[in-house]
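So you can see what is in the structure, the chains are spelled out below.
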Amino acid sequence: MNKFFTILSLATVVVLTSCNDIKRTPGKIYMPDMAYSRAYETYADHSNLASQGINYDNRPVAGTIARGKEMPFPYAMDKPGDSTNYVASKMVPNPIDSLSAKDAAEAERLYLINCGICHGTKLDGNGPLYKDGNGPYAAKPATLVGDAKYENMPAGQMFYSVAYGKNLMGSYASQLSRHQRWMIIKYIKNKQTK
Amino acid sequence: MTILRSLAKIVSIFLLITLSSSIGNHLNAQDGKALFSQNCASCHAVNKKLTGPALAGVEDRWPEKKNLYAWIKNSAAFLKTGDPYATKLYEEYNKTAMNNFPGLSDADIDAILAYIKTVPAAGAAPAGGAAVAGAPTEDQSDSTLVFGLLTLILAVVSLILLQVNSNLKKLSDDKVGIPATDPVPFFRNKAYIAFIAIVLFILGGYMTTVGAIDLGRSKDYQPEQPIYYSHKVHAGVNQINCQYCHTGTYQGKQATLPSVNVCMNCHAAINEYKGEPLVRENGDVVDGTNEIKKLYKYAGFTEGQPWDPSQAKPIEWVRIHNLPDHVYFNHAQHVNAGQVACQQCHGDIQNMGEVKQFSDLSMGWCINCHRQSEVKFKENGFYSIYETFHQDLKSGKLDSAKGITVEKIGGTECQKCHY
Numbered sequence: 001m002n003k004f005f006t007i008l009s010l011a012t013v014v015v016l017t018s019c020n021d022i023k024r025t026p027g028k029i030y031m032p033d034m035a036y037s038r039a040y041e042t043y044a045d046h047s048n049l050a051s052q053g054i055n056y057d058n059r060p061v062a063g064t065i066a067r068g069k070e071m072p073f074p075y076a077m078d079k080p081g082d083s084t085n086y087v088a089s090k091m092v093p094n095p096i097d098s099l100s101a102k103d104a105a106e107a108e109r110l111y112l113i114n115c116g117i118c119h120g121t122k123l124d125g126n127g128p129l130y131k132d133g134n135g136p137y138a139a140k141p142a143t144l145v146g147d148a149k150y151e152n153m154p155a156g157q158m159f160y161s162v163a164y165g166k167n168l169m170g171s172y173a174s175q176l177s178r179h180q181r182w183m184i185i186k187y188i189k190n191k192q193t194k
Numbered sequence: 001m002t003i004l005r006s007l008a009k010i011v012s013i014f015l016l017i018t019l020s021s022s023i024g025n026h027l028n029a030q031d032g033k034a035l036f037s038q039n040c041a042s043c044h045a046v047n048k049k050l051t052g053p054a055l056a057g058v059e060d061r062w063p064e065k066k067n068l069y070a071w072i073k074n075s076a077a078f079l080k081t082g083d084p085y086a087t088k089l090y091e092e093y094n095k096t097a098m099n100n101f102p103g104l105s106d107a108d109i110d111a112i113l114a115y116i117k118t119v120p121a122a123g124a125a126p127a128g129g130a131a132v133a134g135a136p137t138e139d140q141s142d143s144t145l146v147f148g149l150l151t152l153i154l155a156v157v158s159l160i161l162l163q164v165n166s167n168l169k170k171l172s173d174d175k176v177g178i179p180a181t182d183p184v185p186f187f188r189n190k191a192y193i194a195f196i197a198i199v200l201f202i203l204g205g206y207m208t209t210v211g212a213i214d215l216g217r218s219k220d221y222q223p224e225q226p227i228y229y230s231h232k233v234h235a236g237v238n239q240i241n242c243q244y245c246h247t248g249t250y251q252g253k254q255a256t257l258p259s260v261n262v263c264m265n266c267h268a269a270i271n272e273y274k275g276e277p278l279v280r281e282n283g284d285v286v287d288g289t290n291e292i293k294k295l296y297k298y299a300g301f302t303e304g305q306p307w308d309p310s311q312a313k314p315i316e317w318v319r320i321h322n323l324p325d326h327v328y329f330n331h332a333q334h335v336n337a338g339q340v341a342c343q344q345c346h347g348d349i350q351n352m353g354e355v356k357q358f359s360d361l362s363m364g365w366c367i368n369c370h371r372q373s374e375v376k377f378k379e380n381g382f383y384s385i386y387e388t389f390h391q392d393l394k395s396g397k398l399d400s401a402k403g404i405t406v407e408k409i410g411g412t413e414c415q416k417c418h419y
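Order-wise, the sequence lines are chains A and B.
Numbering of the first sequence is given in the working numbering, commencing with residue 1 and proceeding in unit increments.
Numbering of the second sequence is given in the working numbering, commencing with residue 1 and proceeding in unit increments.
To be clear, the hints were calculated from the coordinates, so they are not data collected in a lab.
Any given hint could turn out to be false.
Here are the simulated BS3-like pairs of lysine-lysine, each with C-alpha atoms no more than 25 Å apart in a straight line [stated by the list, open to error]:
hint : chain 1 : residue 1 : chain 2 : residue 2
1    : B       : Lys378    : A       : Lys102
2    : B       : Lys293    : A       : Lys140
3    : B       : Lys394    : B       : Lys88
4    : A       : Lys28     : B       : Lys356
5    : B       : Lys232    : A       : Lys140
6    : A       : Lys69     : B       : Lys253
Partner residues aside, some chain A positions facing chain B, computed with beta carbon under 7 Å [as the list claims (entries may be wrong)]:
hint : residue
7    : Ile22
8    : Lys23
9    : Arg24
10   : Lys28
11   : Ile29
12   : Tyr30
13   : Ala35
14   : Tyr36
15   : Pro80
16   : Ile113
17   : Leu129
18   : Tyr137
19   : Ala138
20   : Leu168
21   : Gln175
Idealized CB from N, CA, C, for every residue including glycine.
With the sequences and hints as input, model every part of the structure.
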């Protein structure tokens, strides 16, 4: 009888564990021929390259400008507490004079993905993250349309804020290329003058 | 008196008419449901855009009933009349022509329209929606339970019958005078052994095959991540676009995982979680605020002080979707040129607390989609290089009305993925 119970409890344990359907391991692979990359892939561990005798830097030489791309923004980020460059950036004009219909659509798409979440799809500073103060984001985002402060803000200063961040807003330099940032600013300016 | 009688007559006739007309309406809606599922449902839903538009409120969109009848019976002929709304519809749905239904009478169409009106709107009651979402899974488990019970009952009945049969045989043998042979225990009965052997063989074969097919695939893979990051909270509740974090999807091969600074764009200000309770797959409750603190640790951020991004260390997220090295997959090609929604491959991601691999990412799965997905040529710069296809379309060699699948423009060529 004792034996019977041990077998029964063991069986229950086996059944219970096999019924757990959360798959925390990726599973097995049979003869992974050409399955794993010999080259270093994007998300591979790149930290130990030098120790393996691989000396490689994928960053371009400082000061490189790709052909056909915008010139870099002439001002660096201010030190905390300083605002010299922020003020100076007023003088930088938007290299994009006007948006074609196709570019305008693309700028709107970029705005809605990256900016609309806080600044609102209607540029009213009331995006889903703020929701009149009921959203998780506590600070009121800038009202881009309907607030004289932002309607009169020069494009260059806007670019400074998008590139380096301003107050609680972070930098979008890693998400948007220089050209995309200028496109979005043109899009906002067009909406403001409407 | 006569006045009273005539009044009663009128009232009764009126009642009769209203009653019959209400019954008639009811029957109409019933018939309409059948007609709808026969004729319309393969391309239309009441509340959802499929091949054709959602049909809720269709009567409001077609003020002239006569035009609607004509459109349904022969859409191509009606298009030629140059009706602006019909032309707009045709353009909007990529010039997919609606089938002709000359067999439907005006009364049939009225019945279908009556049925459409009885279907409640999709967003009418969120609670109802939740119930509907829960229902299918319940149904499934219910039916397996029912079938399991049925099988069990049948097995017991057949066992009892076998027992009864052997007892009866023994009795009759006793009566005739045949000496009873020793009963054979079931584990030595050849028929039983053969039966069990065959069942085990089939079951074993099936499980081996399924297991072998699953080798190297990791559908449902759901690893524990260094930080409990809920796609449900970010993409679902707070409506952050997928591409806010996965910037590469539109322009590059990789979808790209966001670096810490992208998290900090919002989380420099959002430092506590106050939403619905977060629960892991195994039922453990997660403290959202504590998970944000984990992010601050990676970012090297102290609350109330300006953040220095150079102090950040990368978060080593566990990659879930992996393709073998001999397959080339490009996100931009699918998301940008192909206009495929993220959810088609990654499932209901905006409702996932912990992400799991939705598709098995097998070659059959890829090929199947390439065979069925239609290419969206319209206003799509990527395909402007396909001049020959355009010429073929013009000359009628390729028929766009039938839909051009990815396969037809070379989407199942080996070199597309393996090179």
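Cross-check of the supplied hints:
| no. | hint | in the structure |
| --- | --- | --- |
| 1 | B:Lys378 / A:Lys102 | 14 Å, holds |
| 2 | B:Lys293 / A:Lys140 | 23 Å, holds |
| 3 | B:Lys394 / B:Lys88 | 22 Å, holds |
| 4 | A:Lys28 / B:Lys356 | 17 Å, holds |
| 5 | B:Lys232 / A:Lys140 | 24 Å, holds |
| 6 | A:Lys69 / B:Lys253 | 21 Å, holds |
| 7 | Ile22 | 5 Å, holds |
| 8 | Lys23 | 5 Å, holds |
| 9 | Arg24 | 6 Å, holds |
| 10 | Lys28 | 6 Å, holds |
| 11 | Ile29 | 4 Å, holds |
| 12 | Tyr30 | 4 Å, holds |
| 13 | Ala35 | 4 Å, holds |
| 14 | Tyr36 | 6 Å, holds |
| 15 | Pro80 | 5 Å, holds |
| 16 | Ile113 | 4 Å, holds |
| 17 | Leu129 | 6 Å, holds |
| 18 | Tyr137 | 6 Å, holds |
| 19 | Ala138 | 6 Å, holds |
| 20 | Leu168 | 5 Å, holds |
| 21 | Gln175 | 5 Å, holds |
Every hint, counting from the list given before, is met by this structure.
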